Amino acid sequence: MAERWPAVRRGERAGGALVAYRALLGAQARAQTTYRTSFVVDLVGNVGATVFDVLAVVVLYGVTRELGGFTLRETLVVVGLNATAFALADLFFGNVERLPVYVRSGLFDAVLLRPLGALPQLLLMDLPLRKASRTVVGVAVLVAAVTSAGIDWTPGRVVLVVLAPLAGTVFFGSIFVATATLTFYWTESGELANSVTYGGRDFSSYPVTIFEGWFRAAFAYGLGFAFVSYHPALALLGRADPLGLPAWVGWVSPGVALVAAGAAALLWRAGVRHYRSTGS
Amino acid sequence: MTIIEACDLRKEFPVRVKVGRWRRVRRTVRAVDGVDLRVARGETLGYIGANGAGKSTTLKMLTGVLAPSGGTVRVCGLRPVPDRTRLARRIGVVFGQRSQLWWDLPLRDSFDLLRHIYRVPSAEHAARLRRCRDLLDLDAFADTPVRQLSLGQRMRGELTAALLHGPEVLFLDEPTIGLDVVSRQAVRSFLGELSRTGDTTLVLTTHDLADIERLCRRLVVVDHGRVAHDGSIADLHARYGSRRLVVADLDSAPAEPPVLTGATLHRVEADGHRLVYACGAASAAQVVGALAGLVPLRDISIVEPDIEEVVARLYRSPAGEPCTAASAGAGLTGAPSPGPRTSPE
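Top line first, the protein sequences correspond to chains A and B. This note's numbering numbers the first residue of the first sequence as 1137 and each following residue consecutively. This note's numbering numbers the first residue of the second sequence as 359 and each following residue consecutively.
Calculated directly from the structure, the hints in this document are not laboratory data. Values in this document were obtained by computation on a predicted structure and should not be read as measured data. One or more of the hints may lead you astray.
Stretch-level coverage of chain A by chain B, calculated; a stretch enters the list once three of its residues show a Cβ under 8 angstroms from a Cβ in chain B [what the hints assert, rightly or not]:
1. 1225 to 1232
2. 1356 to 1367
3. 1389 to 1397
If you anchor each label on the Cβ, the simulated ranges turn out as follows [claimed, not checked]:
4. A:A1268 <-> B:Q455: 53 to 63 angstroms
5. B:G435 <-> A:A1399: 47 to 57 angstroms
6. A:V1395 <-> B:G428: 30 to 40 angstroms
7. B:P479 <-> A:A1353: 50 to 60 angstroms
8. A:R1166 <-> B:R456: 47 to 57 angstroms
9. A:G1253 <-> B:E551: 29 to 39 angstroms
10. B:N409 <-> A:A1399: 34 to 44 angstroms
The beta-carbon is built from N, C-alpha and C at its ideal position, and this holds for glycine as well.
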């Protein structure tokens, strides 16, 4: 054959990764329309999950008037902040939980062979629109809770009620990523990862005062879950911390979230270097 | 100009081995144990070895998937792991056993997506796609979702996908595995065309030695994580003493097979009606000429040395022990033998 191959490209090509990520996301959307029924089922299932979280709290208050020194209305602020943060984190970062599947199937090799960041590719590998329903429910709970809790609105608290769920999203996202990196060291780490992620979510759905001892210390301040919803809720409600921490602690959650994100990024980087791939 | 350079490349995996009922002992497996490799731009290199010899692990270290435990490696002048995304733009990789395409999308969409991911100008993308479509007959199934393609069709898709961004090096990990004869031929002739008329460097691992014989002038054999041979196929035969065979069918069996200079009697078959000589210093033509004067020839055939036999010998040699010419050459039994065999006494 006389025709020659188009010559290879030499050297570097410049930026514009966003275009690539958008194309990936678009492709995912198209692929997902293939499975319409399961999409609807997931959508409904996800609404159910958040509704149950709220119901669980309401049922508890059917038995007692106060929980750890907090009334139902106050606790619902905690629940709302937590539900919104977790739903958003699950929407954007939840797909990283499937890392063990991608590692086992060898798909992660393909991810590493593309000229894009491995983590963004993983996050975009599933377009979890079905999880969006959950975010809507979370925001609805938060709005209902803060409007009925008798909050004394100041400009600072208005900023906080927006910023706190976003900081919580980054924090939960970091937890998702950090626990997923365990896969690189130990393939069967899924259950342990889940116990931290979902255990943490359930933990921060209540005022930390209902927990005790080392367990509270570990989850609330060791891992930092108290900063997702408990301390911002105290600041919004204008309540002093029964555990004696100063009032400004309610405003540090964005900082805690950034620290968590930095730690998660380092863990991820180390994890990818430790990646062992599969045989053949 | 060197495009791939690996020096004392190593990869060790810690494994836990169960000892007795409860105890587990940590052991280190050396999957790649000091590989040195230099590949020039435009070369086509066959990289072969038994299962577990360290082929895929090496390839993964060259492409940035795995971080080496030791040694240095440069591909296109880049360090594969730290410069992974930059390198990814300049190489293409095809795995025979796993897909890089989007499972639920038509092949056409995957190609389009890759154009965005690698940021290839449309004209360039179109030119390469056209070339692949012509050579690989993609049009028949370009609109089928990848999950519905046959393995042969999918592999043709994978090859195209790996080439659309004009990679400087194309790594192929067992590209013909599991393919039927026709697809295998299609893939081989496509790669042949690519290596002949393009300036892409090809690195190919395979278990199918026919791939190597068709495509590669240079062959690297790895064994137990080390390079056991690096050179041309002819070098391999020369080094391990495999030789061209002259098979002579005779009208009548001579009392004693003639002794020739420059060739040795390799086998006697069919009660002396078939003599097989291995060429040494003498050429096949000289052997035939000499035989014609000594025995009543009915038919002559010349058998090329069989690479599989040599490689099988190489694989069987124990770790760390260099495979000698004597041990490889002694069992030269590559010739097809329709008649009953009698070993030369």
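Consistency of the hints with the structure:
Note: the stretch 1225 to 1232 of chain A has 0 residues with beta-carbon separation from chain B under 8 angstroms; the three-residue rule is not met and the coverage is violated. Only residues whose C-beta sits within less than 8 angstroms of a C-beta in chain B count toward coverage, and the stretch 1356 to 1367 of chain A has 0 of them, not enough to reach three; the restraint is violated. Look at the stretch 1389 to 1397 of chain A against chain B: 0 of its residues bring a Cβ nearer than 8 angstroms to a Cβ of that chain, fewer than three, so the hint is violated. Taking 53 to 63 angstroms as the suggested C-beta distance range, the pair A:A1268 and B:Q455 does not conform, at roughly 36 angstroms.
Checked against the hint of 47 to 57 angstroms, the C-beta distance between B:G435 and A:A1399 comes to roughly 34 angstroms, which is inconsistent with it. Take A:V1395 and B:G428: their Cβ atoms lie about 34 angstroms apart, and the range 30 to 40 angstroms holds. For B:P479 paired with A:A1353, a C-beta distance near 58 angstroms keeps the hint of 50 to 60 angstroms intact. Remark: the range hint 47 to 57 angstroms for A:R1166 to B:R456 is contradicted by a beta-carbon distance near 22 angstroms.
Between A:G1253 and B:E551 the Cβ separation comes to about 35 angstroms, which falls inside the hinted range of 29 to 39 angstroms. At about 40 angstroms, the beta-carbon gap between B:N409 and A:A1399 stays in the expected band of 34 to 44 angstroms.
Going through the hint list in order, the structure does not satisfy hints 1, 2, 3, 4, 5 and 8.
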